[in-house]
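Asks: Chain residues, written in single-letter form:
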Amino acid sequence: MVLSGVTKRFGDVTAVDGMNLEIRDGEFFSLLGPSGCGKTTTLRMIAGFEYPTEGSVRIQGREMGLEPPNRRPVNTVFQSYALFPHMTVAENVGFGLKMRGVGRSEIAERVARALDQVQLAHRSDARPSQLSGGQQQRVALARALVNEPAVLLLDEPLGALDLKLRQAMQVELKELQERVGITFVYVTHDQEEALTMSDRIGVMNEGRLLQVGEPEAIYERPTSRFVADFIGHINLVTAECAGSGMVRIGDGAEVAVPGVQGAGGKVTIALRPERLHLTAPDADIPAGANRLRGVVRRRVYHGDGFTYEVAVAGTVLEVRTENTPGLVRYEAGSDICVYWDPSAANLVED
Amino acid sequence: MTGRWISRLLGLHSWAVYVFFYAPIAVLVFLSFNDNRLVTVWTGASLRWYREMLENDQVLSAIRNSLIVAGVSTIVSVVLGTAAALGLERFRWRGRRIFDGLLYLPIIIPDVTMAVMMLLFFVQVFGLVELAFGPKIGLGLATISLSHVAFNISFVAVVVRARLAGLDPALEEAAADLYADRRQAFLHVTLPLIMPGVLGGALLALTLSLDDVVITSFVSGPGSTTLPVYVFGLVKRGVTPLINAVSTVMLVASMLLVFVSLIFQRGDGKVPQGTRQ
Amino acid sequence: MAAPVTPELEAAAERAQARRGLLVSLPAYAYLVVFFAIPLVIVFVVSVFGRRNPRGATVYGPPTLDAYRKIFEPGPDGSYLVLEIVWRSLWLSVVTTIVCLLLAYPLAYYIATRTPRVRNALLVLVMIPFWSNFLVRTYAWRVLLGRSGPVTAVTSALGLTDTPMIFTVNAVLIGLVYGFLPFMVLPLYAAIERMDWSLVEAARDLYASGWQAFRKITWPLSRPGVIAGSILVFIPAFGAYVTPEILGGSKTTLLGSYIVRQFLQARDAPFGSALSFVLMSVMLGATIVYFRTGARNL
Ligand SMILES: Nc1ncnc2c1ncn2[C@@H]1O[C@H](COP(=O)(O)OP(=O)(O)OP(=O)(O)O)[C@@H](O)[C@H]1O
Ligand SMILES: [Mg+2]
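Chains as they are written, first to last, in the numbering used here: chain Y, 1 to 350; chain A, 351 to 627; chain B, 628 to 925.
It should be emphasised that the hints constitute simulated quantities derived from the structure, not laboratory data. By construction, the Cβ of each residue, glycine as well, lies at the ideal position given by its N, Cα and C atoms. Check the hints yourself; a few may be wrong.
Claimed, not checked - Computed footprint of chain A on chain B, listed as stretches where at least three residues anywhere in the stretch have a Cβ under 8 Å from a Cβ of chain A: (1) 714 to 724; (2) 748 to 761; (3) 781 to 791; (4) 899 to 905.
To be verified - Partial selection, computed: residues in chain B whose CB lies under 7 Å from chain A: (5) LEU649; (6) VAL651; (7) ALA655; (8) LEU659; (9) PRO689; (10) LEU692; (11) ARG696; (12) GLN839; (13) GLY876.
Here chain Y stands alone, though its shape is the one from the complex (with noise of 0.2 Å):
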């Protein structure tokens, strides 16, 4: 499937700007972004919900122009699950085949297999309203998967679950997509379940796709500073190149970054702060290592693990450590010392 330039426009507002995206044959592939970044718009677009303003899609190589809804091989499960009330369970599941002339039987067979994919073959009579959120999520997956559609449109299905379930699910609907081998254009805000879930990912913001990679590359590698801070926790620096891969931050201190050419221009250096170690101030470190000296200013307890805000070289930097065995833990105002390989910076723009 393919957008090319796809932008679209609402009166003033233009909520998607510009998108050029491949997504391939089977992939588990995540829209991510902020509230109201275009990426439900953008899954309207592919399901022939709305045109675009500028631009193409195109689906199995297929130029899809003013094709309704109807004759796109591609299936939604909306963030209102959608069902028809009026229906019972087998029938929301079985609608799509009735509608595109489906024998009884073969339906009633189709329709079975589906239900029992979502483990719901004993509620098949039931009414929608008389399932659980989760449920309701389920028949809506199945609703659309028994089509066998070429690409399956996802927005936010587990928006409306609590945290328990959601979990489940994450895992539910990754292996069914293993299955079934159907792509899956997933759209979500949450970051994490994007990158638990995806093949790979895009990120969004303002109506612009920023970054688009599979999740170690979108969380180890971000290009950009909204996707780095999006993103998990992440300290960006502002920085001062000083020749020879070295920048200059803050008080002027000196540390080198891979990539960095030049003198005299400013960059923004990401670190992610379980990339940061801390030691005693004169303590050895790996060779080659980056090092700052500064002063413990507050320590967080998580459970697993502890984050220090660290006050180095006229800026602060978050430092995050696990609660291993033997952890040594530093007390706000001891001095400290901050390192870390310099390959694990990260340069991007503003």
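Fit chains A and B with the ligands to the supplied structure of chain Y, relying on the hints for placement.
Replies: The following block gives chains A and B with the ligands in isolation, referenced to the frame of chain Y:
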């Protein structure tokens, strides 16, 4: 302490209002079983006036006319009104605002003005037809039905529109997403879900049509008198036990309609979970 | 990757949508233009271009406001008959509205504060008269208030009066209140029922007396219902025809009956049309007030 008194008074007042609502109807129904020719002189219970009603050709023909007009105008206005509600609620088009305004007018216009409008209109049309084609046509069941449709469309559209507005648009999108074309989406999803609204609109249209006196009396011709117009004519001349009997039948008919609608609404009246956002 | 730019796509979709919308609405639209808009124009044309000839037929000539002027002119006997009728219609419908409000507000409040099951039953009891035949309900009062009717029997037994109330202004007032009371109860109930009762509790908590809490919280919050109900009663009461015809007498003619008389008896279509137009304008004015105050959202 005072709070208790106030709530006592409230209760008392409310029951008094209910007595006010029902006592006149009850008296009327009671007196319809009076045997005496004088309405208010009770001589004994009998079904005499109901028998006379059933033997009165004018009453029977008025009932027949009323049913024809109400049936035709309800069916036509339910179809047109539902379509209008869909056109206004589900599509954006130029001229939509004007249509919206035009659709509200028949609801707020006084009966008397509408009666005048329809009379002058039909007189003009008949004049033109006579001038152009020769045949002389007159007022009758057709003009009554046409006039009733003119106000009923609006009432049906308003009721159906309210129902449509409460319907999650995602349901219709889901139908389209599941390979239903426009016709199938309407038949299988939209129509069943707005059915309570359509039935409510139909009931309203039926009631308004069976209630109307002014407009009908302006556009009816000889032999096309409806029941309310006929009764109205009788009432203006005085009170008779026959009117009591006919009135009771009309009351029972409207109550039957209400109960049928209540039964219908019980099944699907509440907005199901899936249709709420 | 060259992005094929297709700016006409969205526009084409919108055009298709507009076409479909118009097509779906067209039957009703066309019907209302032919059988409503054109008749309305005809009434206006008759009121401005028409004049009554001595035989009662309408003939047409250059535009004139004579028909409208006639409203403000004294009749042959020197009395301002039309203005009197308009004035009577106006105050009768205002009094009807006020009486309905006084009767309906406590009732609506009472219904809204019952338990859901009782509430539904009480509501159905209001709905039944609402749906019952208007003519029949009015006729019932003709029986009650008539010469040997039960009400007259009671008043004379109590030594109050022997004259029956029928054919008086009071009879018309009772009929109007009886006829339109349900139109007041239902919107009032809707407004009070959806009110946030915790606000009243908060007011009581802040040392407001029951009366103060009502004045400062309940009444303002139920105002949309009051406005909606008042308009729903005032409009049909002002144009009433059936009620004054059945319960009123020669001295209680209201505007609705007077207009009808212009057509069925006086055969003065231009004057009747002008009066209809005035009547409609008052209604439109009242309705605009209704929409302005947002009472429509009930
Ligand atoms: N039909 C519409 N008319 C006008 N503006 C719209 C319409 N649909 C979306 N928008 C606007 O487009 C922007 C993107 O909306 P969209 O629903 O795609 O965001 P989203 O990323 O799905 O957000 P969320 O996470 O809150 O669902 C928003 O500013 C929204 O207000
Ligand atoms: Mg969204």
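Asks: The structure should be examined with respect to each hint, and the outcome stated for every one.
Replies: Cross-check of the supplied hints:
1. 714 to 724: Since 0 is below three, the answer is violated.
2. 748 to 761: holds (count 11)
3. 781 to 791: violated (count 0)
4. 899 to 905: holds (count 4)
5. LEU649: At about 5 Å, which falls below the 7 Å cut-off, the nearest Cβ of chain A leaves the hint on LEU649/B intact, so it holds.
6. VAL651: Result: holds, 4 Å to nearest chain A Cβ.
7. ALA655: Constraint on ALA655/B satisfied, holds at 4 Å.
8. LEU659: Holds - the Cβ of LEU659/B comes within 7 Å of chain A, reaching about 5 Å at its closest.
9. PRO689: violated (19 Å)
10. LEU692: Hint violated; LEU692/B Cβ to chain A Cβ min 18 Å, cut 7 Å.
11. ARG696: violated (19 Å)
12. GLN839: Violated: closest Cβ of chain A sits about 13 Å from GLN839/B, beyond 7 Å.
13. GLY876: violated (12 Å)
The structure shown violates the earlier hints numbered 1, 3, 9, 10, 11, 12 and 13.
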